[in-house]
Amino acid sequence: MTNKQNEHNVTRRAALGGIMLGAAGLAMLGKHPHAAWAAPKRKKGKAPKAKAVIELWMAGGPTHIDTFDPKPGAGRDYTGPLDKPIETNVSGIRIGQSLPLLAKQADKFSIIRSMTHGVNGHETAAYITQTGRRPQDGEQRLVYPSIGALVSSFKGYANGYKGMIPPYVVLTRPQGRFAVEGFLGLAHKPFVTGGDPRRGRFEVEGIVLQGVSDERQRTRRELLRKLDSLGRTLKGHPRLEEMKRCEDKAYDLILGDAGRVFDLTKEKDDVRDRYGRTTFGQSCLAARRLVESGVPYVTVNAGGWDTHKRHFELMRQKLPDLDRGMSALLEDLAQRGLLESTIVTWGGEFGRGPRVQWEEPWNGGRSHYGRCFSSVIAGGGFEGGHVIGASDAKAETVADRPVEPHDVISSIMMQLGIDPDAKLPNWRNLDVTVQPPSKKGRGVGRLTEIM
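Per my numbering, the very first residue in the sequence shown carries number 33; after that it's consecutive.
Keep in mind that the hints were calculated from the coordinates and are not lab data.
Mixed in with the good hints, there may be bad ones.
Claimed, not checked - Only pairs whose alpha carbons sit at most 30 Å apart, straight line, appear in this in silico DSS-like list of lysine-lysine:
id	residue 1	residue 2
1	Lys267	Lys194
2	Lys426	Lys341
3	Lys194	Lys455
Unchecked claim - Derived DEER-like restraints, expressed as beta-carbon distance ranges:
id	residue 1	residue 2	range
4	Val303	Asn152	32 to 42 Å
5	Arg292	Arg348	30 to 40 Å
6	Gly232	Gln349	21 to 31 Å
7	Ile118	Arg309	21 to 31 Å
8	Lys194	Glu481	29 to 39 Å
9	Pro132	Lys194	34 to 44 Å
10	Glu237	Glu481	34 to 44 Å
11	Asp424	Gly192	45 to 55 Å
All C-beta atoms, glycine included, are put in the ideal place defined by N, C-alpha and C.
Please build the complete structure, drawing on both the sequences and the hints.
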């Protein structure tokens, strides 16, 4: 047997074994203590305005002064060459000159220019922004769940979600920095797609195998059934029947309607072009398809924003990609009647230093900046065309209406019909709520101006 043939057979055996292990894992998941948790009941009163969330996560920390909080009067040491902000379709709101398409969609989103948490380290800042908690909040070093895991808990399988695709999806790379499922456990860990949606076929890990057609997958399934002598011998055994049902679900995800959600070739070329044939643009398109199919929480993990060096050179690529992908997403959701029920957020763990570091070794870079930064929120009952809070003349400090991450997360929860003050079940029976109260009192910091 040649090395090439041996390699092919090993790959083939691994694929068959992986399916069986995956089926067994799904069966075991139903027995996992975390999977059986029921989230607290949703808050009574008004019907929830939102059904899903698309989080555009700019990993590394996106610049606020070059995007949604321009300061043309601050001078070159702050603006660099990006000193000509543009008007939007909402009178009185201007944004960065590199975002002309988003300027035409400003009536659909609101800008928070007074985000703050004061932390400049990636890991801690990401934890605070994703969970609404500070590390010292954790009793006995408890790791709290991210907003995506919280939504999975309330709107996932234990609470009526029937989709084949997991309720919490991350495109395309893990967010890292911390275990985003926190104490909710593996049942609420996100499904990370891997792959690159801009390529001919979006090779989603565990669903699409490189170089393996759907027909070949069907043939492999038939072969697997023929080789399953144990299944024939113990036909009707409860545990094997459970594994068979899980196997059927796994194959439906690969070959059925659920798997086709990731097939962007089903979209018209002009739609794909509108989003931009970039990883970010096509990830935004995939996110729209996912929420359209019923997935309640999708994160587009877009890296490359940690611009300590060559900042403005990188912005010449990053900002047009952002402008095209995000504007197309908002417009597409609105045209399909989905924006009313889908929250779209934009932001990262912090902003970038407003003062440009021209000196060596940075040569025109921007540093980490958690004292004051911006985020954007749209859809799902949030009003567009507003600005919340303000920074000072150089975007260095909050001048009006400080907003912390837990204020934003609590507001999103409320739009989803989830009470942020509800007790959160956990396997250690600790007394914790979905989100902590504001320092100024419960509900004070929430985004009531646009809800």
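Going through the hints against the structure:
no. : hint                        : verdict
1   : Lys267 / Lys194             : 27 Å, holds
2   : Lys426 / Lys341             : 21 Å, holds
3   : Lys194 / Lys455             : 25 Å, holds
4   : Val303 / Asn152: 32 to 42 Å : 40 Å, holds
5   : Arg292 / Arg348: 30 to 40 Å : 36 Å, holds
6   : Gly232 / Gln349: 21 to 31 Å : 22 Å, holds
7   : Ile118 / Arg309: 21 to 31 Å : 25 Å, holds
8   : Lys194 / Glu481: 29 to 39 Å : 36 Å, holds
9   : Pro132 / Lys194: 34 to 44 Å : 41 Å, holds
10  : Glu237 / Glu481: 34 to 44 Å : 41 Å, holds
11  : Asp424 / Gly192: 45 to 55 Å : 47 Å, holds
The structure is consistent with each of the numbered hints, conforming to all of them.
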